[in-house]
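Undergrad: Single-letter residue listing:
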Amino acid sequence: DGGITQSPKYLFRKEGQNVTLSCEQNLNHDAMYWYRQDPGQGLRLIYYSQIVNDFQKGDIAEGYSVSREKKESFPLTVTSAQKNPTAFYLCASRRQGAGGELFFGEGSRLTVL
Amino acid sequence: AQSVTQLGSHVSVSEGALVLLRCNYSSSVPPYLFWYVQYPNQGLQLLLKYTSAATLVKGINGFEAEFKKSETSFHLTKPSAHMSDAAEYFCAVSELGSNYQLIWGAGTKLIIKP
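Taken in order, these protein sequences are the chains called A and V. Residue numbering for the first sequence follows this note's numbering, starting at 506 and increasing by one per position. Residue numbering for the second sequence follows this note's numbering, starting at -9 and increasing by one per position.
Just so you know, these hints were derived from the structure itself, not from any lab. This structure is a prediction, so every number in the text was calculated from the model and none was measured. It is possible that some hints are incorrect.
[To be verified] Straight-line Cα separation of at most 30 Å, DSS-like style, residue types lysine-lysine; simulated pairs:
#1 LYS48/V <-> LYS59/V
#2 LYS588/A <-> LYS514/A
#3 LYS39/V <-> LYS103/V
#4 LYS576/A <-> LYS39/V
#5 LYS576/A <-> LYS514/A
#6 LYS562/A <-> LYS39/V
#7 LYS99/V <-> LYS39/V
#8 LYS103/V <-> LYS48/V
#9 LYS514/A <-> LYS575/A
#10 LYS39/V <-> LYS59/V
#11 LYS588/A <-> LYS519/A
#12 LYS514/A <-> LYS99/V
#13 LYS562/A <-> LYS519/A
#14 LYS39/V <-> LYS514/A
#15 LYS588/A <-> LYS99/V
#16 LYS562/A <-> LYS99/V
#17 LYS514/A <-> LYS562/A
Take these sequences, add in the hints, and give me the full structure.
TA: Written out as C-alpha cells, the structure reads:
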C-alpha cells in the first residue's frame, strides 16, 4: 500500500541533543512537507521541498534542518538550537500542481526531558 | 495575506444531531479548499476537497461541504453525528499566488455527547 511512514512514533530527548525524525513516502510525490503541531495552534510549516536536492524554509524553520537527497525521503533534524522542541511533528507529501491534497504520515511525538 | 478562520475551537453536539463546522477564507480569487480530520495522536486524513467543480462537495464518513463564494465560506456538515465523529477538524485553502501552499485554520475539536 502506498503511503507515508514516519518514525519513531514517540521520542524522548534530553536538552542539548539533536534528534532526527524520519519520513519516507512511496507515493512518487515530488513535494514533501514538515509541520509542527501544538495544542490549539493548528499546523505550522517548518520546511518543504518541491524537488530533490532543494528545500525552502517555512514559517518556523529556526532550530530545524532538513535534507532531500532522495525523492522518497525527507528527514527532519531538531537541533539543540530549537528552544521549545516538545511537539507533535507531521510529515506530508503531495503531487505538484493545482488542487493536490496533502497526504500525511501518522506523526512523531517528541518530548524533551 | 491569505487566512483561514474556523469559528469555535470546540463544538459540542449530541449524538444524532446535525454537525456544522464553520470555515471562512480571505482569498480574493477562487481557491482550492480542503477539510481534514485528525483523531488523537494520528496524522490528518482528507475528508473532502473543492477544486472548482460542483459547489456542494461530498466526502467520506457522510460529511459534505458547500462552497459559497459570496460568503467566502466552506462550512462542513453532517446530518447526524456519530460517536466516532469525535475528532479535530481542520480547514485549509491553497491558491496560485502562494504556489499552492496550504494555509490552515486553527482547527475545531468536535465533541459528541451521548
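Undergrad: Take the hints in turn and mark each one as holding or not.
TA: For each hint, the structure was consulted:
no.	hint	result
1	LYS48/V <-> LYS59/V	holds (17 Å)
2	LYS588/A <-> LYS514/A	holds (21 Å)
3	LYS39/V <-> LYS103/V	holds (28 Å)
4	LYS576/A <-> LYS39/V	holds (26 Å)
5	LYS576/A <-> LYS514/A	holds (22 Å)
6	LYS562/A <-> LYS39/V	holds (26 Å)
7	LYS99/V <-> LYS39/V	holds (19 Å)
8	LYS103/V <-> LYS48/V	holds (25 Å)
9	LYS514/A <-> LYS575/A	holds (22 Å)
10	LYS39/V <-> LYS59/V	holds (15 Å)
11	LYS588/A <-> LYS519/A	holds (12 Å)
12	LYS514/A <-> LYS99/V	holds (23 Å)
13	LYS562/A <-> LYS519/A	holds (25 Å)
14	LYS39/V <-> LYS514/A	holds (28 Å)
15	LYS588/A <-> LYS99/V	holds (28 Å)
16	LYS562/A <-> LYS99/V	holds (29 Å)
17	LYS514/A <-> LYS562/A	holds (24 Å)
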